[in-house]
Amino acid sequence: VQLQASGGGLVQAGGSLRLSCVASGITSFVNAMRWYRQAPGKQREFVAAITGGGSTVHASYVKGRFTISGDNPKNTWYLQMNGLKSEDTAVYYCSAVVGSHLNEYWGQGTLVTVSS
200 VQLQASGGGL VQAGGSLRLS CVASGITSFV NAMRWYRQAP GKQREFVAAI TGGGSTVHAS
260 YVKGRFTISG DNPKNTWYLQ MNGLKSEDTA VYYCSAVVGS HLNEYWGQGT LVTVSS
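Just so you know, the sequence shown maps onto residues 200 to 315 in our numbering.
What the hints contain is simulated information worked out from the structure, not anything from laboratory work.
A quick note: this is a predicted structure, and the numbers were derived from the prediction, not measured.
It is possible that some hints are incorrect.
Unchecked claim - No more than 16 angstroms apart at the CA atoms, straight line, and that leaves these computed lysine to aspartate or glutamate pairs for EDC-like:
1. 262 - 286
2. 262 - 244
3. 241 - 286
Assemble the whole structure, with the sequences as input and the hints as a guide.
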């Protein structure tokens with residue numbers, strides 16, 4: 200299984216970006232797809248998740264600004280980020296939890312930089 204995250208870049212505070220994560224090589228069902236982020240000098244933190252059934256959860260610090268969505272037949276997931284703040288600057292990673300053994304696979308990350 201390989202995950203490819205893309206869509207990061209430099210944006211001004213208040214702006215928007217949409218991240219994408221495309222998974223390939225999946226031969227079993229996807230239980231959930233998650234987005235995490237890691238800011239410089241900080242631990243990786245959870246951002247949002249979507250289940251195979253479409254249920255979503257967002258971390259409190261992005262709720263109302265970020266939205267996770269998915270296109271399951273295409274094994275593609277998105278993170279729409281609006282109202283970006285400087286504290287959202289981080290490398291964003293996607294992961295997929297796959298199969299009955301709940302194996303989690305990670306993408307390589309995409310850098311989001313928000314200038315104030």
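Going through the hints against the structure:
1. 262 - 286: With Cα atoms ~14 angstroms apart, residue 262 and residue 286 stay inside 16 angstroms; holds.
2. 262 - 244: holds (14 angstroms)
3. 241 - 286: holds (11 angstroms)
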